[in-house]
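All chains should be modelled from the sequences, with the hints used to inform the complete structure.
Chains as they are written, first to last, in the numbering used here: chain A, 763 to 875; chain B, 935 to 1046.
Source of the hints: derived by calculation from the structure; they are not laboratory data.
A portion of the hints provided could be inaccurate.
Said to hold, decoys possible - Keeping only pairs whose Cα atoms sit at most 27 Å apart, straight-line, the calculated BS3-like set for lysine-lysine is:
1) B:LYS990 - A:LYS861
2) A:LYS861 - B:LYS1004
3) B:LYS970 - B:LYS990
4) B:LYS1001 - A:LYS861
5) B:LYS990 - B:LYS1004
6) B:LYS970 - A:LYS771
7) B:LYS970 - B:LYS1001
8) B:LYS1002 - B:LYS970
9) B:LYS1002 - A:LYS861
10) B:LYS970 - B:LYS1045
11) B:LYS970 - A:LYS861
12) B:LYS1001 - B:LYS990
13) B:LYS970 - B:LYS1004
14) B:LYS990 - B:LYS1002
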Amino acid sequence: NAGVTQTPKFQVLKTGQSMTLQCAQDMNHEYMSWYRQDPGMGLRLIHYSVGAGITDQGEVPNGYNVSRSTTEDFPLRLLSAAPSQTSVYFCASSSHRDKSEAFFGQGTRLTVV
Amino acid sequence: GEDVEQSLFLSVREGDSSVINCTYTDSSSTYLYWYKQEPGAGLQLLTYIFSNMDMKQDQRLTVLLNKKDKHLSLRIADTQTGDSAIYFCAERRDNQGGKLIFGQGTELSVKP
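Rendered as structure tokens:
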């Protein structure tokens, strides 16, 4: 049981480049989300999904797109990277039935130069 | 996490108790969580409390919930150097699709 898997773990991008951060879970969880973590600001919600085909914006959605074509996968796309998007990104998943825990991936450390 | 507030730093001596405090804003939150993050790692769930409880104890960890004041605390008894980490509280908003809203994190430093 792999839990939540994020790739890559590290990435350096040039301003204006695009990339996709991958997130996959094998627990059949309905709810998936993306957070960014910046010093002194905790984790801020970027986008989330309550099930396949459904996505919604979180606190800081600008500059990011998501899609949820399957229950397992929830990729995060940066269309034109900016230095302000330098951060650590975490993907999480949880079940509506068991609300006691959200499972987190190990994070992706992204630097935009 | 502007709706969930934590102090940023706490320093204690090994063997002492640590108390990390958190305030939240949404009275309809059903679950409240404490997560631990060690350097360079992801988030690990430490414990959680359901909103109809006022206390939960799990080995060295005690969670207190004051719903009236929307105040949550985490007490770590006999704090060890291995407890040094960042601790995040989070509230689950079921009326917003199950979003988790996090505090800024409290960096706990344990001195020998």
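Cross-check of the supplied hints:
{"no.": "1", "hint": "B:LYS990 - A:LYS861", "verdict": "16 Å, holds"}
{"no.": "2", "hint": "A:LYS861 - B:LYS1004", "verdict": "20 Å, holds"}
{"no.": "3", "hint": "B:LYS970 - B:LYS990", "verdict": "17 Å, holds"}
{"no.": "4", "hint": "B:LYS1001 - A:LYS861", "verdict": "19 Å, holds"}
{"no.": "5", "hint": "B:LYS990 - B:LYS1004", "verdict": "16 Å, holds"}
{"no.": "6", "hint": "B:LYS970 - A:LYS771", "verdict": "19 Å, holds"}
{"no.": "7", "hint": "B:LYS970 - B:LYS1001", "verdict": "23 Å, holds"}
{"no.": "8", "hint": "B:LYS1002 - B:LYS970", "verdict": "26 Å, holds"}
{"no.": "9", "hint": "B:LYS1002 - A:LYS861", "verdict": "22 Å, holds"}
{"no.": "10", "hint": "B:LYS970 - B:LYS1045", "verdict": "18 Å, holds"}
{"no.": "11", "hint": "B:LYS970 - A:LYS861", "verdict": "18 Å, holds"}
{"no.": "12", "hint": "B:LYS1001 - B:LYS990", "verdict": "14 Å, holds"}
{"no.": "13", "hint": "B:LYS970 - B:LYS1004", "verdict": "21 Å, holds"}
{"no.": "14", "hint": "B:LYS990 - B:LYS1002", "verdict": "17 Å, holds"}
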